[in-house]
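**Student:** The residues making up each chain are set out below.
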Amino acid sequence: MNSSAEALRATFGGAIGRAVESCGDTIVYVDRAALLTVMAWLRDTPGQQYDYLVDVTAVEYRDRERPLEVVYNLRSLERRADLRVKVELDLQGELAIDSVVPLWRGADWLEREVYDMFGVTFRGHPDLRRILMWETYAEGYPLRKDFPLRGRFSRAEQVRQALNANPEAHYSMEELSIAEAHDDLPPDMRERLRRGERDKIPNSE
Amino acid sequence: MSKRTIAVELATPGLDPQGRPARIPLEAGVGPLERYEEGEPDAGEHMLINIGPQHPATHGVLRLVVELDGETVVRVIPHVGYLHSGFEKLGEYRHYNQIIPLTDRTDYLSPMANNVGFALATEKLMGIEITPRCTVLRVIACEMSRIISHMVWLGTTSIDLGAFTPFLWAFQERERIYNLQEMWTGARLTTSVTRVGGMMADVTDDFVAGLRQFVDTYPKTLHEIDRVLTRNAVWVGRTQGVGVMTAQEAINYSLSGPMLRASGVPYDVRRDKPYLDYDSYEFDVPVGEHGDVYDRYLVRLEECHQSNRILRQALERLPDGPLNIADPRLILPPKSRAMSDMEAMIYHFKQVMEGVKAPVGEAYVGIENPKGELGTYLVSDGTAKPVRWRIRPPSFINLAALPKMAEGHLLSDLIAINASVDIVMGEVDR
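These protein sequences, in sequence, are chains A and B. Per our numbering, the first sequence starts with residue 1, numbered consecutively. Per our numbering, the second sequence starts with residue 1001, numbered consecutively.
What the hints contain is simulated information worked out from the structure, not anything from laboratory work. Quick reminder that beta carbons are idealized off the backbone N, C-alpha and C, glycines included. One should not assume that every hint holds.
Unchecked claim - Label pairs and their computed distance ranges (CB to CB):
(1) Glu21/A to Gly1355/B: 21 to 31 Å
(2) Gly1186/B to Arg62/A: 30 to 40 Å
(3) Leu163/A to Val1234/B: 30 to 40 Å
(4) Leu1168/B to Phe12/A: 37 to 47 Å
(5) Val1208/B to Arg144/A: 41 to 51 Å
(6) Glu1289/B to Gly47/A: 48 to 58 Å
Claimed, not checked - DSSO-like cross-link-like pairs, simulated, lysine-lysine; straight-line CA separation at most 27 Å:
(7) Lys145/A to Lys1089/B
(8) Lys86/A to Lys1335/B
(9) Lys1335/B to Lys145/A
(10) Lys86/A to Lys145/A
(11) Lys1385/B to Lys86/A
(12) Lys86/A to Lys1357/B
(13) Lys1385/B to Lys1335/B
(14) Lys1089/B to Lys1335/B
(15) Lys1385/B to Lys1350/B
(16) Lys1357/B to Lys1385/B
(17) Lys1350/B to Lys86/A
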């Protein structure tokens, strides 16, 4: 068992949940509210120095009673030590958590991917958009267990939407506002941008 | 947005009254073009251009939306996902051994190394100890992959920067490794060479002789490439000081592999968290100091030499003995036995129909892939199919630093920087 688990419990007490070991890796469960402080402490405290964020991902179990877990793999390059930090999110509750981008810029795309695939919102993320699926993808979050392997819509519906899709919608909201391209947009698109809407198929209502 | 007008006089006579060709004096303000004032009205107007997803310099279906001020890149917005295949989702519906063919198709420039990464993670999850011969063969697989991946990188990057010849040399070497892979697995690209607890096939004597011949002759090509590029004025001019990441930034952006080491962070998974038997090989880990495109080139070129060194040692020590572990619940019996022996047939049936169950738990294994740290994170709930199979995609994470590296450089430098990341879209999009 990694000694950081003990140190965390000594420092943060109740904010640290159980610490378990699986296949030789130490896993520490952290309370959602304390995530950012715990992560900053792990990164900056001498003796811990988990300065490298290996990965951010999420796990949803087949057992619907179990919460969704957001998983952070940390590494101390200095000490050659690894630590896995997990935060449990109740599937019935709000799937939201603080973003760790202020601590590690490398978390940017990783958190976007978790948002895209699992629907977890990262508070304070600078640019939380879908990344692997397209901006107007409306079928939900592909890696959730209630998402069918072949997608939520029928093949016919997927084709219909693809044919009806507005090609302009493939540009992200951010891009459309740069280089004065904004003025050349169709009026309904500008209106949509103004309202800050996302995840809608244009002209489908 | 103001439109610029250019006055062009149509039907220019072309001849002066004397019948000689008309001459237009090349002096400022006299030509047919309307002059425009400094700073008005074009100054500050940015241009939005789109590169890709079908563009040879984006190395696959990457799309870059670039905001330019003149020729200077103000902003880059990468778009990925055009090759998204949902591998991780598919993996949740497959037995562990059935996932191995999917790993080929993620980083398709180093398929064997991906196979090894997945097999190692599964074996860690199941608590399996593989045989010595299998260990050495996997090292050979990983280092062969590193060589072909770096050769593709070198070839395509040199083409991006205008050097065509190294591309031909590099792809010739890659072809020789592909022939060896075909000899071993029957496939050049979709190798699927590992199995949980062993390998799909053993190597033949011809393979060993062929690889030995490759190892002896390969450094010559590397020296040729080195001679053509390393001190080439065009190459140096276009790569030095371009796309710099400091060590601090590289760590903060979670870069890995040659990208991290070129920035001066001496972290190599093979050395610092050894898997297989890498701790018993003699090899050096090249580390850069400037973190620019040129250092990434040097690091990768040196890694090719070091891979060759490892291959040479692996060939020397390749032990005899069994390839697969002796566990009939994990390793399929030979076809002849499955068809003639009752017990073998039962094991065959159970493995194919039910799959191999992994104990409840989770395992993360990171291996040093050519692109960086390829992590495989498996979560099991005790069934034969993983609850979660996560690939930590090194080139996806390295690519995320592209805007940071490219902004402020010229558009042509963006191409060099993007090439230096060494992305493979099959892995970025998965």
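**Student:** Each hint should be assessed against the structure and marked as holding or not.
**Tutor:** Going through the hints against the structure:
1. Glu21/A to Gly1355/B: 21 to 31 Å: 26 Å, holds
2. Gly1186/B to Arg62/A: 30 to 40 Å: 36 Å, holds
3. Leu163/A to Val1234/B: 30 to 40 Å: Once the Cβ atoms are compared, 47 Å apart, the range 30 to 40 Å for Val1234/B and Leu163/A is violated.
4. Leu1168/B to Phe12/A: 37 to 47 Å: 59 Å, violated
5. Val1208/B to Arg144/A: 41 to 51 Å: This hint holds: roughly 48 Å between Cβ atoms.
6. Glu1289/B to Gly47/A: 48 to 58 Å: 28 Å, violated
7. Lys145/A to Lys1089/B: 9 Å, holds
8. Lys86/A to Lys1335/B: 44 Å, violated
9. Lys1335/B to Lys145/A: 37 Å, violated
10. Lys86/A to Lys145/A: 19 Å, holds
11. Lys1385/B to Lys86/A: Holds, at roughly 22 Å.
12. Lys86/A to Lys1357/B: 25 Å, holds
13. Lys1385/B to Lys1335/B: Roughly 24 Å between the alpha carbons, so the hint for Lys1385/B and Lys1335/B holds.
14. Lys1089/B to Lys1335/B: Measuring from Cα to Cα gives roughly 31 Å; hence the hint is violated.
15. Lys1385/B to Lys1350/B: Holds, at about 14 Å.
16. Lys1357/B to Lys1385/B: Answer holds: Lys1357/B to Lys1385/B is near 7 Å, not above 27 Å.
17. Lys1350/B to Lys86/A: With Cα atoms ~35 Å apart, Lys1350/B and Lys86/A exceed 27 Å; violated.
Checked against the numbered hints listed earlier, the structure breaks hints 3, 4, 6, 8, 9, 14, 17; every other hint is satisfied.
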